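Undergrad: Order-wise, the sequence lines are chains A, B, C, D, E and F. Numbering follows this note's numbering, in which position 130 of the first sequence is assigned residue number 130; successive positions increment by one, without gaps. One rule links them: number in this note's numbering = place in the second sequence (from 1) + 1000. One rule links them: number in this note's numbering = place in the third sequence (from 1) + 2000. One rule links them: number in this note's numbering = place in the fourth sequence (from 1) + 3000. One rule links them: number in this note's numbering = place in the fifth sequence (from 1) + 4000. One rule links them: number in this note's numbering = place in the sixth sequence (from 1) + 5000.
Honestly, the hints are just simulated from the structure, not real lab data. Any given hint could be a false lead.
[Unchecked claim] List time: in silico SDA-like cross-link candidates among lysine to any residue, alpha-carbon distance up to 25 Å:
hint, chain 1, residue 1, chain 2, residue 2
1, B, K1232, A, A144
2, D, K3222, E, E4153
3, D, K3222, D, A3142
4, D, K3232, C, P2146
5, E, K4222, D, S3013
6, F, K5160, E, S4013
7, C, K2222, D, V3042
8, D, K3232, C, A2144
9, A, K222, F, G5196
10, C, K2222, D, G3173
11, A, K222, B, P1122
12, B, K1232, A, P231
13, C, K2232, D, K3232
14, B, K1232, A, E152
15, B, K1232, A, P146
16, F, K5232, E, D4149
17, E, K4232, F, D5237
18, F, K5232, E, E4153
19, B, K1222, A, P231
20, D, K3222, E, Q4162
21, C, K2160, D, V3042
22, D, K3232, C, G2038
23, B, K1160, A, P146
Computed from a predicted model, the values in this text were never measured in an experiment.
Each chain, written out:
There are 6 protein chains.
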Amino acid sequence: MRILIVNPNTTASMTEKIGQAARAVAAPGTEIVALDPGDGPVSIEGHYDGAFCLPGLLRCVRNGESEGFDGFVVACFDDPGIGACREIATGPVVGICEAAMVAAALVANGFSVVTTLPRAIPLIEELAHRYGMERRLRRVRAAAIPVLDLEEESAAAAVKVQAEVLRAIAEDGAEAIILGCAGMADLAASLSQRTGVPVIDGVGAAVKLVEALVGLGLRTSKAGAYAWPLPKPFAGDLAEDAFEPPDQG
Amino acid sequence: MRILIVNPNTTASMTEKIGQAARAVAAPGTEIVALDPGDGPVSIEGHYDGAFCLPGLLRCVRNGESEGFDGFVVACFDDPGIGACREIATGPVVGICEAAMVAAALVANGFSVVTTLPRAIPLIEELAHRYGMERRLRRVRAAAIPVLDLEEESAAAAVKVQAEVLRAIAEDGAEAIILGCAGMADLAASLSQRTGVPVIDGVGAAVKLVEALVGLGLRTSKAGAYAWPLPKPFAGDLAEDAFEPPDQG
Amino acid sequence: MRILIVNPNTTASMTEKIGQAARAVAAPGTEIVALDPGDGPVSIEGHYDGAFCLPGLLRCVRNGESEGFDGFVVACFDDPGIGACREIATGPVVGICEAAMVAAALVANGFSVVTTLPRAIPLIEELAHRYGMERRLRRVRAAAIPVLDLEEESAAAAVKVQAEVLRAIAEDGAEAIILGCAGMADLAASLSQRTGVPVIDGVGAAVKLVEALVGLGLRTSKAGAYAWPLPKPFAGDLAEDAFEPPDQG
Amino acid sequence: MRILIVNPNTTASMTEKIGQAARAVAAPGTEIVALDPGDGPVSIEGHYDGAFCLPGLLRCVRNGESEGFDGFVVACFDDPGIGACREIATGPVVGICEAAMVAAALVANGFSVVTTLPRAIPLIEELAHRYGMERRLRRVRAAAIPVLDLEEESAAAAVKVQAEVLRAIAEDGAEAIILGCAGMADLAASLSQRTGVPVIDGVGAAVKLVEALVGLGLRTSKAGAYAWPLPKPFAGDLAEDAFEPPDQG
Amino acid sequence: MRILIVNPNTTASMTEKIGQAARAVAAPGTEIVALDPGDGPVSIEGHYDGAFCLPGLLRCVRNGESEGFDGFVVACFDDPGIGACREIATGPVVGICEAAMVAAALVANGFSVVTTLPRAIPLIEELAHRYGMERRLRRVRAAAIPVLDLEEESAAAAVKVQAEVLRAIAEDGAEAIILGCAGMADLAASLSQRTGVPVIDGVGAAVKLVEALVGLGLRTSKAGAYAWPLPKPFAGDLAEDAFEPPDQG
Amino acid sequence: MRILIVNPNTTASMTEKIGQAARAVAAPGTEIVALDPGDGPVSIEGHYDGAFCLPGLLRCVRNGESEGFDGFVVACFDDPGIGACREIATGPVVGICEAAMVAAALVANGFSVVTTLPRAIPLIEELAHRYGMERRLRRVRAAAIPVLDLEEESAAAAVKVQAEVLRAIAEDGAEAIILGCAGMADLAASLSQRTGVPVIDGVGAAVKLVEALVGLGLRTSKAGAYAWPLPKPFAGDLAEDAFEPPDQG
């Protein structure tokens, strides 16, 4: 099984970290390819950044589809463009926020999310609501660190994340913690050990869910919301992005 | 007051129709400018098309912001990129789906939406839910016409829309009807007259809501979800789209 | 366009203030008439007062309808009798709570309400729920002042309101603030300036929404919940209030 | 125990029927008094009628409170003025819609309501939502009869109600039926027998719930939403209705 | 009328206390029988204990049904096995959590629950949601006492419960308090008196609701979710528990 | 990895079929053991049967825990006793209804469930609500076959299931179908092929989710709702079932 993981921002060290986290949990027969698009923001912090990551993300998935990848992971906690990716993929497409919440809800009753910046809080609350997880979500907390601080050599960012994780356990009644940024993927295991509650990284969770769905022979349904895009002209610089129907469409 | 209306697809006849619908309801002191981006899909039918309209849409709004427009309308019924637009706008930004639902809920208890293709139904249901309108929405119906059929000379598409509007009134208990595509903007008035129930076009509704908000002196809050984007490098072809903080930021 | 604003309590100074707030935001072509009924409570603080404002409120709207007003505003934050007013009005009827929440939700993600007495909190929470705004409402706060304290010469009440507004911004994650009493209409502009977040007065918001709806040619739907009342006898002192069908009924 | 039942319309035959239905289920030690106000609409069909029943209803409850009634039933299926009645009552106040839904939810999983006119449907749906019964309510159906047709000698109205009850059982998956008008109180027993599913009259249900609450020693909480009204002047014809605090306040 | 109350745990002193609480509120003509099964946990604290109380509980109800009891109360605040009991009962079956919430919602707007151990909190929150009470429930609080501490001679547990009740009134905006354990049934009356807000015991509430439903002639609907179990073999030690259809089935 | 699958009914042919379905999708390194308890109903059709499967189910899981199984699947579509199983398991416990809904929601927007008997419909609707899937669930349909008909040699039951699956696709707008009974596990693959939409069997889905969670190193959180049961005496025949704390507790 081959899984393509797209980091929708353009910071190579983060793509590298994401790929490592994915490989750490992948099953023996799973091949992981982790990519980022050449174009777009170096980190995704808010709606504007999130919009501009989409063309690159979709090109990566489109290419991955033609290369026959069995499934796809979108490795940004805002789950950007999942619906669009599903329209152009035969196999399953899983976002790391939804994956982490699914995993948390299976091993705990209520959970909190620890993310980077306060501006991400309303986006994550809205995702929780879209996924039907609003009654499970105890609270979204921000460690008040920019995404790229997680790429620094120093451990300062990790210290702040851990402090917020501890607060979530003590104050929110959270039975599990979700790390709300792909850049925190390397922190989950040690935080789980230190706190004694499940601390969940969405990248790993998404890889395992894709493996599970592919293992079940499930493909993205083309019967409704995720039907193949309709072929049509795209004007100007984006002309190359117009959808060309695949053979199996 | 100057309002910029962006048609996020690249079909000029539709932009023209949208501009006319907007001017037909604008207050005397309101100047309407209707634009579409040079890049992107000729119509927006699904998530994939919706993702690729965003760069062009956001460039239009960014330019409009630097040109001092007082408010913005995004004229596609999927309300694409509203959060991103709000991050880069001082004035209010209103999408036509939300606008139409707000108007409908003020003059009727329950309403139905008549849109173009069945694949739009789940997207509109999800928007209704996001806007807290799920208890007002009786049903989303599709007239089974591609968006660009509404641009044809022949009246065939309009006939199908009218038939579905009549069915919604007869079968759904709908007290008002929303036309679920910017390309239907020219049909609202005559359908209202023929049916005797309010038939609402989102383009007009959004223009009037922007006028209302600007008239109240209200600007997009920068205190949380819609704070200015953080300045940061964008890689590759999108480098020019990196956000440059405005003076008032 | 002529808009009738009914203050459903019987305190003339408050009616005057409401009229001023309305005229301050009305469009050039809009004529504002602000009235209060001769009968009923001097302020509306709870369900009991709210019930006794209805006969007077409805007489005002009935008269306004026969005088050909284009739209109506009910200027009490409990939105009393909106459904009944809509049944007897051709044009739109907008309550100031719903108007303020609609405006807030278009310029901010989450908002708090600052009202007068704690007993109003459950009523406003219930309205937020009825309007589908429960996910947007961060918190309803009471400044612990009786309504008529807002009519005093001294600024003591305004000081308490401002303190609560500041607390809402600091503690609730509110991106906008709604002033939860028509008697606070004069405080919105200065509080907006001082705090830097949108502070919204429902009276102004309702006037602009009525202007918007009338400008769109929308009238209250008579197809269901807001159909004209059925003509029937009213016994005793209320005999004169039995509904006489209008010509257009 | 003495229970005051107020029929908020002014049709004496209906008050009589309601009193009979109440006495038919009351416990041996319960004294039932059924009243209607002298003022107001002969039937309540919509928001406008509902608003004008309130002054008379509240005077009845206020008098009943000073006469020491132990609890109160408001016998109109729109549950008008329940919050206001609770503010002026020491004992419990129960509306017949809420009572019927509570009873139905304890003996069945899902239920349908059969009411009089289609215009009542949205009001009842909104009540179901307010009471947290939206997941239990299968459907609200209207037998298309004006309320006062239920007071006619002929059985025509009863036949229509029965037909709609049978349809609800066959088509809605309803496990119990609620009769959605106080004027149907005499039909419940025979419809239960004929259909074999619980058919519930709200008048009886409310009487038994008041008996239950009084038997538990429970009184309306004065700690928040239902605190005694604040004493204050009422202007004009309603001056006598200003609340005079009781000794126990 | 004969009501069977089953305490699903096997602590006789608690069964005795429950019986006394039931008799204290029962109507003159009501005979109360309080039982506990011979088998199972001495207290129910969590899902595991709750599962093992079911065989004994169901045998008690099955016997009660064949002895002709008119209605049933399940006296554990987790409302275990209510659906199963309803399948095998002709008369109404009421759980004490649902009963207490119904009573609270009729005399107050918002309420809090004070229970024993923190592990019960998520279960009670889930019940509130199932009963449509999530908007009424202010908070579930735990007094941090094991269930059987309530059976001790010393008043230590009662003191802790009272402290938590006072906190709920002061901090949660609770207008009524529900005692979240059948073992607290003897504390409700004195706490009501001391605090001045309704403090509700579910055992008493359930008894009165069963009396009310039986008094209305209502039986558990056999039309859907609570139809009689299908006769079928049970293997092994549970063979005797296979359902034998009653004559009235 | 060793996964224990418990079929909570006592029909050996169904346990065999469930084990085969599990092995068909299990990863190479996964060992599947499928068991049923010696005690209890031969099939689970309703709340009563569901209650009596619990002691046997929990004994199986308790034994499995002491034998060191890494995770557990409860193979009945009512998801009986999941919370109780989680309290006594170190590894993850997944029910087949939740598993199937999680899988469906990742490859489709809306789905329908096809189950056996109509009496299962309200139970499954309630589970969908508990799992936050109420907006995804289009409809629960019953093929009107008793569970054990699926164990017959003849294909009659399978034909009925297929007919209902086709109706769900045609009439509900379902983009995926869930088979709502463990006894249908052998039908999923062929129905997927024939219909072209994902048809999901919960047994397979649950196995893959357990593999995923174990692969992530996630264990059931012991911090709240699923903490180990408290050690305490069990009276009578169930004395052996009292929880003995494991070493790792």
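Undergrad: Check whether the Cα positions of B/K1232 and A/P146 lie no farther apart than 25 Å.
TA: Distance of about 11 Å is within 25 Å: holds.
Undergrad: Quickly compare the C-alpha distance for B/K1160 and A/P146 to 25 Å and report which way the hint goes.
TA: Violated, at about 51 Å.
Undergrad: Taken at face value, is the distance from the CA of C/G2038 to the CA of D/K3232 at most 25 Å?
TA: Holds, at roughly 15 Å.
Undergrad: Taking 25 Å as the top limit, are the C-alpha atoms of F/K5160 and E/S4013 close enough?
TA: violated (54 Å)
Undergrad: Quick one, are D/K3232 and C/A2144 close enough, alpha carbons at most 25 Å?
TA: holds (17 Å)
Undergrad: Is the straight-line distance between the alpha-carbon of F/K5232 and that of E/D4149 25 Å or less?
TA: Satisfied, since the Cα-Cα distance of roughly 13 Å is no more than 25 Å.
Undergrad: Keeping to a limit of 25 Å between CA atoms, is the pair of D/K3222 and D/A3142 held or broken?
TA: violated (37 Å)
Undergrad: Does A/P231 lie within 25 Å of B/K1232 when you go C-alpha to C-alpha?
TA: Violated. B/K1232 to A/P231 sits at ~35 Å, over the 25 Å cutoff.
Undergrad: Is the straight-line distance between the alpha-carbon of C/K2232 and that of D/K3232 25 Å or less?
TA: violated (34 Å)
Undergrad: Run the distance test for A/K222 versus B/P1122: straight-line Cα separation, threshold 25 Å.
TA: With a Cα-Cα distance of about 13 Å, the restraint between A/K222 and B/P1122 holds, given a limit of 25 Å.
Undergrad: Does the structure keep E/K4222 and D/S3013 at a Cα separation of 25 Å or less?
TA: Given pair E/K4222, D/S3013 is violated - Cα atoms ~35 Å apart, limit 25 Å.
Undergrad: Do the alpha carbons of C/K2160 and D/V3042 lie within 25 Å of each other, as the hint requires?
TA: violated (47 Å)
Hints 2, 3, 5, 6, 10, 12, 13, 19, 21 and 23, counting from the list given before, are not met by this structure.
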